[in-house]
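Undergrad: Numbering (our numbering), first residue to last: 1 to 518.
Be aware that one or more of the hints could be misleading.
What the hints assert, rightly or not - Pairwise CB distance ranges (calculated):
#1 Asp211 with Glu246: 39 to 47 Å
#2 Leu89 with Glu169: 54 to 62 Å
#3 Gln423 with Trp105: 46 to 54 Å
#4 Pro273 with Glu169: 22 to 30 Å
Please keep in mind that the hints were generated in silico from the structure rather than gathered at the bench.
All C-beta atoms in this analysis are idealised placements derived from N, C-alpha and C, irrespective of residue type, glycine included.
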Amino acid sequence: MGDGDELVESVGVDPWAAHLPGQELVPAYLVSRFAAQYRAIVDVLVEAQDTSLTGMSFDEIATRLRAWVGERAGWQVADRLLDEDVFALDARLTSLVRWAVLTRWQEPARTGEDFLRRRDRFQLTPVAARLHAFWTVELAADEDTAADLTLAPRAIHDRLRGFAEAVREQDYPAAAAEFQQVIALHHGMAVAARSWQRSLAHALSGGPDPDKQEVLWRTLQSYVGMWGEQVDIHTPAVAGLMAEVEPRLTDSVWRACVRGALADDAPEQVVEPQVRRWTHVWESLGHWFGGSDGQARRLRRQLRDLVAPWARNMHILLDTGGALTRRGELLELAGAIEQAPDDETALAMWDTAIGVFPARHLLIAAEDADNHTVAWSDAAAAPISARYREHGQRAAVGRRVKAMNNSVGRDAARRARVAALAQRREAEAALRARSGTELADWGALSEPELRLLLDLLATARARRGEPERAGVTEDGQWRVGLTEPAIAGTTTLDCPHGRFVTRNWVFTLEPAGARRAE
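Please take these sequences and the hints and turn them into a complete structure.
TA: Below is the structure:
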């Protein structure tokens, strides 16, 4: 079914379009004859962006769409509406891609089964996501207010502390004033988070390109510059403060706080919606800052994890961006030879392209150059140096420059690499034998063992704040762990050039594959 069956297309060229912005196809799904079907698909993709940044497959969209319609219209209605004779999901997705509402790409096939299944994935474009949010959320959700959230987590903590004190003292007007500021701050944080997640969801979909890399970098900078560090500092304090004041917030207390913000004679039909709104904000704050999987921590992990793909994609773009290829010229030459009128012309084109020309006489001094009685055909051959071949027709009189011989240096560098690798293997074996012991029980260390130990300590101590500090080396071969003993302290390790003072860790070193196999 084509666009003409769904939309009224204009005939001819609008002269305004040459000077002013013209037709936009993204909102077409809202005015199509099948707008309800398109909006259901877009709603499903918008909900998926809260939990996934990698888009949805065709089968995932079909499954989630059935659940979405069943939850709102009943399962019998969902079965009737989603019947293949009534609802053509493939055609709807194709139209959304054509209107720039969705982007479509294919997952790489890694197994034989991947070639037999449909590997298309879909994701909303940022423009479509913002447009759909405009239709589905309240108009007051202005994303521009997100720029004022530099210290939002700290401000929420301070306001919640004032709210808790006012509730304990039963000063409900003061509690209402504090909590209203919390509502505004939380709303701004939620708007900013949704904006960042929409940008991330689009930028991480499909293959890398410079525009997506720029979106990722701006999003990361915006998060760090606005309130990324504040989330780490104040999240535990906010969660603890909420757990402390939670038992006091009964329904009567919430109503008293709401009435403290309203007129004395406010009717019940005005108070009741505000109570629900305030309790909903309180629950949302719990989801934001509470637990190890709160929204604030989850968003922080998402932004932390995008550093690796951003750097990897940038490396890919730099590698491919600087590559030179003659493919276009070769294809053009092949086309010209194929269209040549005869074989002689085609052969002449080929000889010209690859540099096959007749012999040329060069002015080069030979050994018997002073003997003018010898014909050129009988004279000895004149040597042509590499420098002459590179720089063209120049006089090559005098001694030829010898090419630099780097073989001795390369052999020495190769021997040094082999020796360093052997020393590292011996150091790994020595430290592997000491796995599971305290550093205080170790003897003297050799220089290679000390260098390897410092690398392993840096790998394990990269993760702070965990009971067991562990990490995997960059080559993915070893997993090193540091655990505090029953009696913590410091120890000194002797080495050839001095002593190394460090905390007395229980050191473990095991192959990285062993933990995954378990």
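Undergrad: When you take the CB atoms of Gln423 and Trp105, is the distance between them in 46 to 54 Å?
TA: Holds - the Cβ-Cβ distance for Gln423 and Trp105, about 47 Å, lies within 46 to 54 Å.
Undergrad: Is the distance from the Cβ of Asp211 to the Cβ of Glu246 consistent with 39 to 47 Å?
TA: 45 Å, holds
Undergrad: Could you see if the CB distance from Pro273 to Glu169 stays within 22 to 30 Å?
TA: Holds, at about 27 Å.
Undergrad: Within 54 to 62 Å: is that where the Cβ-Cβ distance between Leu89 and Glu169 falls?
TA: Given a distance of about 59 Å, which is inside 54 to 62 Å, the answer is holds.
When the structure is compared with the earlier hints, no violation turns up for any of them.
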